[in-house]
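> Following the hints, complete the assembly by docking chain B onto the known chain A.
Chains as they are written, first to last, in the working numbering: chain A, 1 to 188; chain B, 1 to 390.
Quick caveat, the hints were computed from the structure, so don't treat them as lab data. Check before you lean on any hint, since a few could be wrong.
Claimed, not checked - With the Cβ distance kept under 8 Å, some of the chain A side facing chain B (calculated, not the full set): (1) VAL39; (2) ASP43; (3) THR47; (4) TRP130.
Even for Gly, the Cβ is constructed at its ideal location relative to N, Cα and C.
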Amino acid sequence: MAQTHEPAIVKSETSEGNDARIRRFLRERFGEAIRHEEVFRGDLQFTVDPEKIYDICEALMEAGGLDVRFLADITCVDWHGHSEAVHGRFEVVYNLCSLAHRSRFFLKVRLPETNPHVRSLVDLWHGANWMEREVWDLFGVTFDGHPDLTRLLTPDDFEGHPLRKDYPLVYEQPKFSWNENDPPEVIR
Amino acid sequence: MAEARTVTINMGPQHPSTHGVLRVILELDGETVVKARPVVGYLHTGIEKTMESKLYYKALPCTDRMDYLAPMSNNLGYSLAVEKLLGIEVPEKVKWARVILAELTRINSHLVWLGTHALDLGAMSMLLYAFRERELILDVYEACGGQRMMTSYIRIGGLAHDLPKDFDRKVRDIIATLTARLEDYEGLLTRNEIFINRTKGVAVISAEDALNWSLSGPMLRGSGVARDLRKDEPYSGYENFDFQIALGHNGDAYDRYLLRMEEIRQSLRICRQGIDGLPEGPYRAHVPGVVLPPKEDVLYKMESMIFHFKIITEGFAAPLGSVYQAIESPKGELGFYVVGDGTTMPRRIRVRPPSLINLASLPRLVEGRLFSDVICAIGSIDIVLGEVDR
Numbered sequence: 001m002a003q004t005h006e007p008a009i010v011k012s013e014t015s016e017g018n019d020a021r022i023r024r025f026l027r028e029r030f031g032e033a034i035r036h037e038e039v040f041r042g043d044l045q046f047t048v049d050p051e052k053i054y055d056i057c058e059a060l061m062e063a064g065g066l067d068v069r070f071l072a073d074i075t076c077v078d079w080h081g082h083s084e085a086v087h088g089r090f091e092v093v094y095n096l097c098s099l100a101h102r103s104r105f106f107l108k109v110r111l112p113e114t115n116p117h118v119r120s121l122v123d124l125w126h127g128a129n130w131m132e133r134e135v136w137d138l139f140g141v142t143f144d145g146h147p148d149l150t151r152l153l154t155p156d157d158f159e160g161h162p163l164r165k166d167y168p169l170v171y172e173q174p175k176f177s178w179n180e181n182d183p184p185e186v187i188r
Numbered sequence: 001m002a003e004a005r006t007v008t009i010n011m012g013p014q015h016p017s018t019h020g021v022l023r024v025i026l027e028l029d030g031e032t033v034v035k036a037r038p039v040v041g042y043l044h045t046g047i048e049k050t051m052e053s054k055l056y057y058k059a060l061p062c063t064d065r066m067d068y069l070a071p072m073s074n075n076l077g078y079s080l081a082v083e084k085l086l087g088i089e090v091p092e093k094v095k096w097a098r099v100i101l102a103e104l105t106r107i108n109s110h111l112v113w114l115g116t117h118a119l120d121l122g123a124m125s126m127l128l129y130a131f132r133e134r135e136l137i138l139d140v141y142e143a144c145g146g147q148r149m150m151t152s153y154i155r156i157g158g159l160a161h162d163l164p165k166d167f168d169r170k171v172r173d174i175i176a177t178l179t180a181r182l183e184d185y186e187g188l189l190t191r192n193e194i195f196i197n198r199t200k201g202v203a204v205i206s207a208e209d210a211l212n213w214s215l216s217g218p219m220l221r222g223s224g225v226a227r228d229l230r231k232d233e234p235y236s237g238y239e240n241f242d243f244q245i246a247l248g249h250n251g252d253a254y255d256r257y258l259l260r261m262e263e264i265r266q267s268l269r270i271c272r273q274g275i276d277g278l279p280e281g282p283y284r285a286h287v288p289g290v291v292l293p294p295k296e297d298v299l300y301k302m303e304s305m306i307f308h309f310k311i312i313t314e315g316f317a318a319p320l321g322s323v324y325q326a327i328e329s330p331k332g333e334l335g336f337y338v339v340g341d342g343t344t345m346p347r348r349i350r351v352r353p354p355s356l357i358n359l360a361s362l363p364r365l366v367e368g369r370l371f372s373d374v375i376c377a378i379g380s381i382d383i384v385l386g387e388v389d390r
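Excised from the complex, chain B in its bound form:
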């Protein structure tokens, strides 16, 4: 029996620690991973093809079904891309509201990550606390767009409705609550010996490798590369906000944990600045024929009603040309490559999914390591299979 040293096992696609339907084929030598091959696509629904068969306006609800833990980021990325293609400038209030919502979304996504990652590593109470605080953010979503997850609140040219009356109070509540509770989370994990042993020095990737594997977001910054699109390619008025980029040193799972905790702090900082400086004004750009007129006008003004009808039924034609708009989503660089061909439907909508491209590095992270590190590595990449498979 000298030749059969390795054994091949199948992990997933229904394994709870794979955060969805990810399948990994592992070749093990004892407890050491010799080869790992992630298999994706179990959730492939052809969202890009669906979007290409719809009017620009009607393709928007498809976006929040990809990364369903960060719906507002997806709405924002798509809206910005179409606005760039059409050359629309949105009012200041919209920009500020979008930044606040995008940062709340980052906190939301990081909280789910924190809870599930800690749960994978055996810290069960973390999940309950993280989901408790996440409810507060979902309450804001509900007040804004009427939905807790598939919000579709950020629209092309503005927002779906005006901000709710108690938006200010709700966001301030979240800032106060989370600032206090982050201390509790860190008390549970940061110096927890079990957690440190499971994450420190695990799933390491160097800065050079991270760049070569096209990683983005916390995966890249955890290795010490200061690349954050909010600073590098500011969109939606991020250049007006004072915040810092969190960076790791070692590129391991523990650094990425510390980094995401710091990112929550920075996001709270941005939210506070946003809510303090939120300007007054319209919640949609005034671009007749392209951006829907406000609902109040549709009920009383004939022209508004005609525009509303025309936008919904026949849409608007986009020019021939291609644009790329990337945003810093909680998972990394979320890009929308939108190609207009002169008709009312997009020729191509490509979503650059940060989860998929970060996941491609999984074999690099786990090969030569212990089997139990695979769980930690998958958790620390922070994937959402809805976005991986689309």
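Just chain A, same shape as in the assembly:
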């Protein structure tokens, strides 16, 4: 039978303490890689060096006391045409959870307009696979080392990356594809 469960930890006590722990951990281990740090409306956010994102996530995972085992989401923001774009047009956002302490924080990396790429996290989390495919599909950010970086939501022969701000809002690509990338047995 399904059991019911009453959690013993109260959020308000542990979460803030854990935020401070995560901040201390990142400052000590990756002080030079942190470019910006802020708490906006209670959300703890770090902007870090894109070269270091894999190492930071790996270290967070392995640090026993922090318990950062859950990657909730990967997404991207396009700052095209905004003053924020001077820091880099694309902002990839990693949404991480510390389970036992019930706290959540965000790691962000800024990538340039030309050839935006960052190392894939699939080796750490299987869940990153589809999230990164979606970001590649909709924003055109390449994830180095991803085992299967193909389009997720749009067709295989789609041109462009529709969630970029310079992709027109009401532009359709009226095309018929024969799913060339499928195995030949499926097409026939």
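Quick look at chain B alone, frame taken from chain A:
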């Protein structure tokens, strides 16, 4: 013919058991699945892009078109995210009403899941019973917002209208009816040998794997991980309610069935507490220029009418910054990542779709298993393709 041991077949996208337009390319060795590759995107309509091209207020009706079986959860998640971005606090009555509606939505979504999942496995009568009870919940939606599915009832800063006069009676009716009928459902399925054989030990995922695959909701709790955002990151006043998290042991489809049945019970418990303690008060926050004034005032007060006009035509500017608000939707962690850039339209609205991220684990669930288990696995993940593809 020694080399050709496997055969590749295509399942979907119009297969009835895929609950929409999901396509799976399966490589089979006899009846065993060697490789499964889900293909999604047939329903991709660019909802995130559409929302980014609208005023904050007008993006709301897009949300209930994603998970159309749980419209109120989507409304709630988006409203909470924008309220967090703007720093709005809503009245107590709104919080309580939202909790009741969100829990009714959970029951609604679980009932559809129960009916269709059982139908996939051959228990046809279950679908008829589940949809019969779901009508009662849709009646409440209709009384509240005027629509049975795309409700858009929960708005930024409050509710679209005040709660209907017979809300209390209707919700109490649902609680009484469902409490009795849940026994019937369990009588049909819980000890049904066919159902047990089709679900027990099928689509198993361990707690460790479930975390590594970023699963959430019943998929994660079915494996014994006690993660429920209503407890972990309470929103909308869930900390005031007394309820428990249902947990499974084995992480198989049968445990997830038991777990969802228990979740319906807990939701009924929350609804009862909510309806008993529902406070009086306004149904919208009073934030001039951001939250629409009540309709009664718009008709008689000049200032209210001006604010109404300005909010609808030019909207309100949100500060530069990003917030993430996640809620425990019936399917799992439904998150809204909203980025404001100082203008009246959002720079980015990212929906973390629990269905999509749970579906990514399908190959892990079915590879090495029998072909017929694929049907059970898809049903037990509980996906809505509107949310998967957006």
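> Each hint should be assessed against the structure and marked as holding or not.
A quick look at each hint next to the structure:
Taking 8 Å as the C-beta contact cut-off toward chain B, the hint placing VAL39(A) at the interface is violated, the least distance being around 10 Å. About 6 Å separates the beta-carbon of ASP43(A) from the nearest beta-carbon of chain B, less than 8 Å, and the hint is met. At its closest, the beta carbon of THR47(A) sits 11 Å from a beta carbon of chain B; the interface hint therefore is violated under the 8 Å criterion. Taken as an interface hint, TRP130(A) checks out: its beta carbon lies about 4 Å from the nearest beta carbon of chain B, inside 8 Å.
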